[in-house]
Every structure is written in C-alpha cells, then in structure tokens.
Amino acid sequence: AQTVTQSQPEMSVQEAETVTLSCTYDTSENNYYLFWYKQPPSRQMILVIRQEAYKQQNATENRFSVNFQKAAKSFSLKISDSQLGDTAMYFCAFTGTSGTYKYIFGTGTRLKVLA
Amino acid sequence: EADIYQTPRYLVIGTGKKITLECSQTMGHDKMYWYQQDPGMELHLIHYSYGVNSTEKGDLSSESTVSRIRTEHFPLTLESARPSHTSQYLCASRWYNEQFFGPGTRLTVL
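Protein sequences, first through last, are from chains Y and D.
For the first sequence, position 59 matches number 59 in my numbering, and the numbering has no gaps at all.
For the second sequence, position 68 matches number 68 in my numbering, and the numbering has no gaps at all.
Among the hints, erroneous ones may be present.
[Stated by the list, open to error] Derived pair list, reagent style SDA-like, types lysine to any residue, alpha-carbon separation capped at 25 Å:
#1 D/K57 / D/P103
#2 Y/K78 / D/G40
#3 Y/K102 / D/L60
#4 Y/K112 / Y/I46
#5 D/K31 / Y/Q51
#6 D/K31 / Y/Y33
None of these hints come from the bench; they were simulated from the model.
Here the structure is a predicted model, which means the values were calculated and not measured.
Can you make the complete structure from the sequences, with help from the hints?
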C-alpha cells in the first residue's frame, strides 16, 4: 500500500529565514507524482509545487523548491525568504500513474512564520 | 486553472436533517473527489468519481452518498445529519495529475 509520512506536526521560522519541511513516502510504482499543497487558515487548498518521479531535476517555484530523493523515497520542501503569508498547513501528497487515480496525503505540517 | 465551487460555505443544522452539499466545476474534468477534514487535520477521502454515472467509496467510511449525473456537478448528501458529521468537506477535481480544490463547506450539526 502507498503511504505518505510527514513527521513534523508543527514548525516555526523567522521571517526571511529558510525552512525545510520533510516528507517520506512508500510505493512500488516506478512512475508517480508528488505534490506539496498549502492550506492557509480558513482558506482554500492550493498547489505549491509538483514533482514528476521520472524527472531527476528538482522542481522549483520562486521561493519554493524540493529535494527529491527517489531512492530514499524522500520529498522535502524548502521555503526560502519566508514571509508571513507562508503561515499555513502544508500537505505532502502522492498519486500514481496506474490504478485508481486517488491521492494519498500526509498528516500535514503546521508552519508558522514569526515576525 | 480550474474553478471549483462549493455551496454553502458554512452550514449549521439540527440533528436529523437531510442536507446536500453542492460542488460544481467549470472545466469539464472527469475525475472528482470529496474529502472530509477536521480543522487543521489530515484529509480523508470519502467519495470519488471517474465520470458521469461513476461513483466509488473512499478510504474513510462515510454515511453520506454522492451522485454524478452531469460532468460538472458532484453533490454530497447526508440523509440524517448527526453531530459526528460536524467537519469540513472539501471537493476537488483532477486534470492530468493535478488536483484542484474548492473552498470547502464547514458543517456543524447541533
């Protein structure tokens, strides 16, 4: 069975600093997609960044980047120059390329950016 | 970018009432999903659909039911609401490998 694990329930970071959120997963599939979603307090879930497993290059989106280690099944999110608006729940998610089209979500990391 | 609409955004009702949470999307996505999420907690998949006339139960047992008569519409119904149904319900659709989420309905059953 596929699983996604986020081992950091809560984290905090000073404004303008860098923070890394951890995610590990387990799957027997060779090709799949990994995501980081952001859910601000009382606001809509939005996609932060996406990684395709067959691509070796780590995805980046402005201040957000990932460290994708396929062999270790690790997918961490780095937020550079943290801003107050980055305060949110962050969910790591997995979807395979065969089967049910379901997504597996981690339990989330609550990130607080401190002024 | 997909537009996913959910109504109502907030609902407070008494025990035993029948309710329908509406979800619609404007992009013609075939695959749609319902998740249940307690505030600040993980998402639990309760229903999904591959397209018109296709519905499947998710990983979390739920007393709700869904229908998919039109591609753009995926309503969720609770025949008799109970306090244990108090939660946030998120609707989502899928395009290629990306999910797009609606704003959610926060349900409180008294």
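Consistency of the hints with the structure:
no. : hint           : in the structure
1   : D/K57 / D/P103 : 22 Å, holds
2   : Y/K78 / D/G40  : 21 Å, holds
3   : Y/K102 / D/L60 : 13 Å, holds
4   : Y/K112 / Y/I46 : 17 Å, holds
5   : D/K31 / Y/Q51  : 21 Å, holds
6   : D/K31 / Y/Y33  : 17 Å, holds
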